[in-house]
Every structure is written in structure tokens, then in C-alpha cells.
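Peer 1: Sequence:
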Amino acid sequence: MMDGLKYFQLQMPVEKGSHLPGASIMNYFTKVEYISTVNTTKIPASYVFLVEFNNPAVFDNGVNLDLSFQIEEILFQDESYAYIVAKLPGPLGSLVQGVKGCWFTAPTSLSLENGLLWTVQGTPIGLKEARDLLVQIVPGDLKMRISKTVASDWISAPRLPPRRHEVMKTAVELGYYSTPRGCTQRDIADTLGIRQGTVAEHLQSAEGSIINSWSKQATDSSFR
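Using this note's numbering, read the sequence shown as starting at 1 and increasing by one per residue.
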């Protein structure tokens, strides 16, 4: 990491930010996760997001779902998730783009289950300005911090190839990682219509990626 740069992180339940325009996007998606920045030369900027949903037909009537989350392009779509390019014209997106010396970074996500996790990287002056503006947008007590590293209690999962992601997601949904186990690898294979050996390979690879990612982030973090 470059000397002098720090991270600003905010964690907020969905209810706390229900007055913000972007909260309505949860009517369509169960989770929206920031992946990367595409273009910041225009206002509002464009970003790549991973969106998860329960309705496979969410885009059947077009991508103009919500004014606070302007989808420009669908890069890849599966039955329960998609990678998209979108703009954030709402107050949080405008805040980051309007403050010199700060920008979005991972992990940043909004979900029904965990609320908003917002991570911004930048200079100490830029992050302080962003924090001061944020308390005007979302008044009251907020769980936030400015530090030199991303805290390891807010670990970001690594990106998995689409098929591996699907196998892992199905395993979780069927209870493979529950105690006691709710299914076998054979059950996962039957659900997806693939070989049990293929399931085992995908799970082993995904587990290794997740554990290695966790270990690296925990080592690099200032969390105690």
C-alpha cells in the first residue's frame, strides 16, 4: 500500500439508511457488491458490481430498475447473480466522487442480511472530509473507522469463476457446511446435474481460495 493512504470504513444496517435513495435497490437484489471502477471522468462514475437476486427474470423488462442505481451494461448473467456496470448518482456515490483524494475500494457491499459495508481509500485529508460530509447525510451513531489497513473482521470473499461460485452457493443453500451436514456432495451433484467428482473439485478449490484470502487479509489487517 502507498505511504500516506488510509482506509475509511462504515458499517450500517439497512434500516439506518432506509431514507437514502439507494436503499430501494434492495427491492430487486439481495446483495450488491463493488468489484472495480470503470470510469471516473464522468459524473456520476461507472463501476462494476456483482448483484445477487432471487428472481431470475429481474432484468426481463430492461435494466432501468431504479434511478439511484443506473445500470449501463450486463457483463454476465446467471440464474441468481450477474456482473454489471452501473452508476451511483445518489448521495454516497456523489460524496466520494466530489471529494478530492478519496475513492471507492473493496470490500464495499449492500445486502439485506448485513446492511451496508462501505470502504473508501484516500488521503487523510480527503477521508476526513468524506467522514464529515457523511455524518450530515446519515446523522446519529455510526460504526465507522479510519485506519491504515482494512479491518479483518470485515473480510472480503475472493472472486470465484461462475461455475465454482454456483457450486459453492448451492452447497451453502443445501446445508453442506451446516452442523450437522444438511446434504452430501452427491446431493449437490444431483441438484446441478453434474458429476460428484466435479463437485468435489470445485468445493476443494473454492475452499482453498477462501481460506488463503482470509489468511492474507487477516495478516495484512490491523484488527486485534
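Hints may contain errors.
Simulated crosslink set (PhoX-like; lysine-lysine; CA at most 25 Å straight-line) [said to hold, decoys possible]:
#: 1; residue 1: LYS128; residue 2: LYS42
#: 2; residue 1: LYS128; residue 2: LYS169
#: 3; residue 1: LYS169; residue 2: LYS42
#: 4; residue 1: LYS16; residue 2: LYS169
#: 5; residue 1: LYS31; residue 2: LYS16
#: 6; residue 1: LYS31; residue 2: LYS87
#: 7; residue 1: LYS100; residue 2: LYS128
#: 8; residue 1: LYS169; residue 2: LYS143
#: 9; residue 1: LYS169; residue 2: LYS100
#: 10; residue 1: LYS169; residue 2: LYS31
#: 11; residue 1: LYS100; residue 2: LYS42
#: 12; residue 1: LYS128; residue 2: LYS143
#: 13; residue 1: LYS128; residue 2: LYS16
#: 14; residue 1: LYS143; residue 2: LYS42
#: 15; residue 1: LYS6; residue 2: LYS169
#: 16; residue 1: LYS16; residue 2: LYS87
#: 17; residue 1: LYS148; residue 2: LYS42
#: 18; residue 1: LYS148; residue 2: LYS169
#: 19; residue 1: LYS143; residue 2: LYS31
#: 20; residue 1: LYS100; residue 2: LYS31
Label pairs and their calculated CB-CB ranges [as the list claims (entries may be wrong)]:
#: 21; residue 1: ARG164; residue 2: ASP190; range: 31 to 37 Å
#: 22; residue 1: GLN196; residue 2: GLY101; range: 27 to 33 Å
#: 23; residue 1: SER24; residue 2: ILE211; range: 16 to 22 Å
#: 24; residue 1: SER111; residue 2: HIS19; range: 50 to 56 Å
#: 25; residue 1: GLY101; residue 2: ILE74; range: 28 to 34 Å
#: 26; residue 1: THR184; residue 2: ARG163; range: 48 to 54 Å
#: 27; residue 1: SER36; residue 2: GLY182; range: 32 to 38 Å
#: 28; residue 1: THR40; residue 2: GLU79; range: 18 to 24 Å
#: 29; residue 1: ASN54; residue 2: SER178; range: 52 to 58 Å
#: 30; residue 1: ASN39; residue 2: GLY101; range: 47 to 53 Å
#: 31; residue 1: SER24; residue 2: ASP60; range: 15 to 21 Å
#: 32; residue 1: ILE211; residue 2: LEU75; range: 37 to 43 Å
Just so you know, the hints here were simulated from the structure itself, not pulled from any lab data. In this text, all values refer to a predicted model and were calculated from it rather than measured experimentally. Virtual Cβ for every residue (Gly too), placed ideally from N, Cα, C.
Peer 1: State the violated hints by number, sorted upward, taking the hints as numbered earlier in the document.
Peer 2: Failing hints, ascending: 2, 3, 4, 8, 9, 14, 15, 17, 18, 20, 21, 22, 23, 24, 26, 28, 29, 30 and 32.
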